[in-house]
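Undergrad: Model the full assembly from the supplied sequences, consistent with the hints where possible.
Single-letter residue listing:
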Amino acid sequence: MAIMNKLEHISDTVRETYGSYLEGKSIQEIAKLRGLKETTIYSHFEILILNKLVELDDIINSVKKEKILSVLRGSDFTNLKEIKDQLDESIGYGEIRCVLAFVRPQNQLYRTKKATSEPIVLEPENKMVFEKLKEWRRSIAFRKNIPPYCIFHDSTLISIANKRPQNKEELKEIKGMSVKSIESYGEDILKIMNKYNRIDSSSSRGKREIETYNKGSYERVESLESSKAEIFTVGELTKYIKNILESDKKLTNLWVRGEISNLRQQASGHIYFSLKDKESQIKCVLFRRVGEHLNFNLEHGMKIIVRGDLEVYEPYGEYSIIIEEIQPDGLGALNLAFIQLKNKLEKEGLFSNKHKKPLPKFPEIIGIITSSTGAAIQDILNIIRRRYPLVRILIAPTTVQGKEAATSIVDSIKLMNELSCVDVIILGRGGGSLEDLWCFNEEIVARAIFKSKIPIISAVGHETDFTIADFVADYRAPTPSAAAEKVVPDAQELYEVIYNLHVRNIQAIRYVVELHKSNLKQILNRPIFKRPFDRIHSYYRELDHTFYKLQTITLKNTTSKRKELEIMESKIFALSPTSILKRGYSIIMKDNKIVKSFSDVKLQDNINVILHKGKLDAQVKKIRRD
Amino acid sequence: MPPETISFEKSLEKLKGIVEDLESGDLPLKESLEKFQNGIDIIKQCYKELETAELKIETIIKKDGKIITVPFTKK
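Chains as they are written, first to last, in this note's numbering: chain B, 3 to 628; chain F, 4 to 78.
Worth flagging that the hints you see were computed from the coordinates, not collected in a lab. The hints are all genuine.
Quick list of in silico lysine to any residue cross-link-like pairs, SDA-like style, CA-CA up to 25 Å:
id, chain 1, residue 1, chain 2, residue 2
1, B, Lys54, B, Ser72
2, B, Lys453, F, Thr62
3, F, Lys59, B, Thr481
4, B, Lys405, B, Leu417
5, F, Lys17, B, Val515
6, F, Lys59, B, Pro399
7, F, Lys38, B, Ile508
TA: And the structure:
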């Protein structure tokens, strides 16, 4: 555990050096290998020694070590150069620092007495703070477009990380912190400190947190300690495992039998559970795309058989079965056949709603395909008799169990269709075992149902029995009795319907009569009916009036005519010869002709003289011409 | 054709038609009364049919290639 922690605290580059060291390489070799200066590698070892990952004796021979230690004992550690100067040329700064690192944890004096000249070494537990500070420095540098070290040296950051100043006063004591830089960055740094101090105080200086954080890599480090094997990252290892498991043919498209536990359905529709038996359990995932086609619900404790592929889920390093298919366990081959046929026919569209024929409301002839001896036929007949005895029922006695059942059913369906007078067919039988009902799961039966021109109600077994026939039929009744109830209307309901119509009929005719009555009333209210003599009276008056007018006019006319007549009469009288004769004139006539001239007569002619009173016969004696 | 050959369903449909016609109220009186009477007759007929109906049950069998029906007997 301790080693693991220490490893985590040191930076990648130091770890790499440590790796090479474990492979048995010398400092010189490592420096060459990595293209770094030897002093750099020494500084790595300084850290490794400090963390007790490397024994000082492993890198510095005991002679040199003793020499350095002797100088250090007499020194007050003011600075490295002082120490170096007291040693011979063969000993470098790197070696001195390594020894310093070795003695430092044991030498408290070294730490307290000469705080200011303390070599700038990052204490492992402060690495995270340091990294955080570096990150912050990087962002400032990037923003100001200057190199990071122009802001603060690494050593300054390390000092900050080690000392964790809480305020500006404490910040001032850090080597490399100027008043100006405190002004510019003090706030930022204190903020970072603040954050880390909080974390630390809540987890005893961060160690426990780091421990848990690194738990995953622990095993590996241990094995690395003991056998110096290849070092995986967790990701690499998981990938490796994944490859092995997922490329194994036995682990793809596998069938597993077990019991459901820890069933958990996510809002996404995916279902997670474990499949277990007495010995172990395995995680299973049922994605929605598969789960939504499941024709039964998963329940805790349910025994199932699943088909799927084993998959390793890298983020959790878990393996689980990705399920492609689930079957309830214990139903065996028949169930498998059922599922297969169902899927096949469904794909062909035999179950589609668009092929479902509507059932007649008032069938006249109902065909029943079932055994003529079973309980089902009696149930059906009883119910129809009670509900709607108006129908004619044609029973096609059919074998509904055993080997010949399927063909028998198919024949009966054909027979019913040949009759072409049947309105609807009930196809079914009473309850039984899955094997008993099996003929209703046969493909030929399904196809015959589909082909039937007459709507078919399937009524097989009990409520819970589902057969292929149920899916193809135009209507699925849960039981034969239910089919009988569905196929005909209820006479009681019909009585109500008729009564209703009866009431409406009477109401309607009453309304019609009332309507005509009120029309009649309206007509009778008209004046012609109400005062029938009014009209005659007016005719009378009119007639009278006309008559009067006629009278007056006639009268007027006669009077004037009479006057005229009188005038005429007088005129006529005036002109009459008698009136002339009266006055003394005479008229001479000869042979009934009036004599007007002397020439009209001769001598001796006899003439007649007409007087006013009487006549004279005379003879012409003399004729005078004047 | 005897009246009982008209199916119950058709009778009911006819009855519905009559009532609806009557309810519209724009038929001549004479026709209305005729329809009303007709409706009453159908109602009586329907009741009678329902009350007196007995289930006719036959079994169909194939004989000499022909489908025939025989009365169904309980076994």
